[in-house]
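K.L.:
Whenever a hint applies, use it, and build me the whole structure from the sequences.
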Amino acid sequence: MKLSGELKAFEGRIGHHFAAPELLNRAVTHASMSSANRDDNQRLEFLGDRVLGLVMAEALLALDPGATEGQLAPRFNALVRKETCADVARDIDLGTVLKLGRSEMLSGGRRKQALLGDAIEAVIAAVYLDGGFDAAKGLVLRLWGGRIETVEEDARDAKTALQEWAQARKLAPPKYLTIARSGPDHAPVFTIAARLDNGAEASATAPSKRAAEQAAATSLLAQLEKNK
Numbered sequence: 180m181k182l183s184g185e186l187k188a189f190e191g192r193i194g195h196h197f198a199a200p201e202l203l204n205r206a207v208t209h210a211s212m213s214s215a216n217r218d219d220n221q222r223l224e225f226l227g228d229r230v231l232g233l234v235m236a237e238a239l240l241a242l243d244p245g246a247t248e249g250q251l252a253p254r255f256n257a258l259v260r261k262e263t264c265a266d267v268a269r270d271i272d273l274g275t276v277l278k279l280g281r282s283e284m285l286s287g288g289r290r291k292q293a294l295l296g297d298a299i300e301a302v303i304a305a306v307y308l309d310g311g312f313d314a315a316k317g318l319v320l321r322l323w324g325g326r327i328e329t330v331e332e333d334a335r336d337a338k339t340a341l342q343e344w345a346q347a348r349k350l351a352p353p354k355y356l357t358i359a360r361s362g363p364d365h366a367p368v369f370t371i372a373a374r375l376d377n378g379a380e381a382s383a384t385a386p387s388k389r390a391a392e393q394a395a396a397t398s399l400l401a402q403l404e405k406n407k
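For the sequence shown, the positions run 180 to 407 when this note's numbering is used.
Hints listed in this document are in silico derivations from the structure and should not be mistaken for laboratory results. Computed from a predicted model, the values in this text were never measured in an experiment. Idealized CB from N, CA, C, for every residue including glycine. A portion of the hints provided could be inaccurate.
[Stated by the list, open to error] Per label pair, the in silico range of CB-to-CB distance:
(1) Ile358 with Gly245: 42 to 52 Å
(2) Asp266 with Ala314: 20 to 30 Å
(3) Glu237 with Glu201: 22 to 32 Å
(4) Val368 with Glu201: 34 to 44 Å
(5) Leu240 with Asn216: 35 to 45 Å
[Said to hold, decoys possible] No farther apart than 30 Å at their CA atoms in a straight line, the calculated lysine-lysine pairs in the DSBU-like style are these:
(6) Lys349 with Lys405
(7) Lys354 with Lys261
(8) Lys338 with Lys349
(9) Lys187 with Lys278
(10) Lys278 with Lys181
(11) Lys349 with Lys388
(12) Lys316 with Lys278
(13) Lys261 with Lys388
(14) Lys261 with Lys338
P.N.:
In structure tokens:
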């Protein structure tokens, strides 16, 4: 099969030209567009998640030979989590080439974090099946780039760090409360408060509950650090 002009341009952006272009076509096809004659990218996403994990684990071990498992695990999680995958997808304009059903398109699917994160994993799998592990590894290292070298020394997500702070002080786990929700259904905005039993609290606003919770936890941690 032949690729569309958009997908040929996308090949250039990721630096891999497919010997089997149907793999790329499948990687960018969301389940909302699947049919009896059209496969979606869900199976590729499953494979790509594992390929990404192996490449990232290998890269982190090579980068810091003296690091313990306890140091490596949070760095690994920071690099493979859905938010990071979605950021990488945005860097290469993956959303513009996704094949979406009408309802998904109308609900802003090209910008959805979960959808973009899944799609970049499917693309990784497509490159792996087309060119082998070395091709997939090269793709991941190119696309993640400086993120690998600059991943924070303590890369725990903010919610985990806040929970550990509370546990160390014999407090109950933090609570996350939805303060407000605004915007249309296809582009909601959430305001979430992170609250501790000792009365400390901070809030943040973001386009998803998960992002707002992380931002609120980050804000509360900064407040606790300041008040030490």
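K.L.:
If a hint holds in the structure, say so; if it does not, say that too.
P.N.:
Do the hints match the structure? See the list:
1. Ile358 with Gly245: 42 to 52 Å: This hint holds: roughly 44 Å between Cβ atoms.
2. Asp266 with Ala314: 20 to 30 Å: holds, 22 Å
3. Glu237 with Glu201: 22 to 32 Å: holds, 29 Å
4. Val368 with Glu201: 34 to 44 Å: The hinted range 34 to 44 Å holds for Val368 and Glu201, with Cβ atoms some 39 Å apart.
5. Leu240 with Asn216: 35 to 45 Å: holds, 43 Å
6. Lys349 with Lys405: It holds: about 20 Å lies between the C-alpha atoms, which stays within 30 Å.
7. Lys354 with Lys261: Roughly 22 Å between the alpha carbons, so the hint for Lys354 and Lys261 holds.
8. Lys338 with Lys349: holds, 17 Å
9. Lys187 with Lys278: holds, 15 Å
10. Lys278 with Lys181: holds, 16 Å
11. Lys349 with Lys388: At roughly 27 Å apart (the allowed maximum being 30 Å), Lys388 and Lys349 satisfy the hint.
12. Lys316 with Lys278: The given pair, whose Cα atoms are some 25 Å apart, holds under the 30 Å limit.
13. Lys261 with Lys388: holds, 14 Å
14. Lys261 with Lys338: Within the cut-off at roughly 15 Å; holds.
This entry satisfies every hint, going by the numbered hints stated previously.
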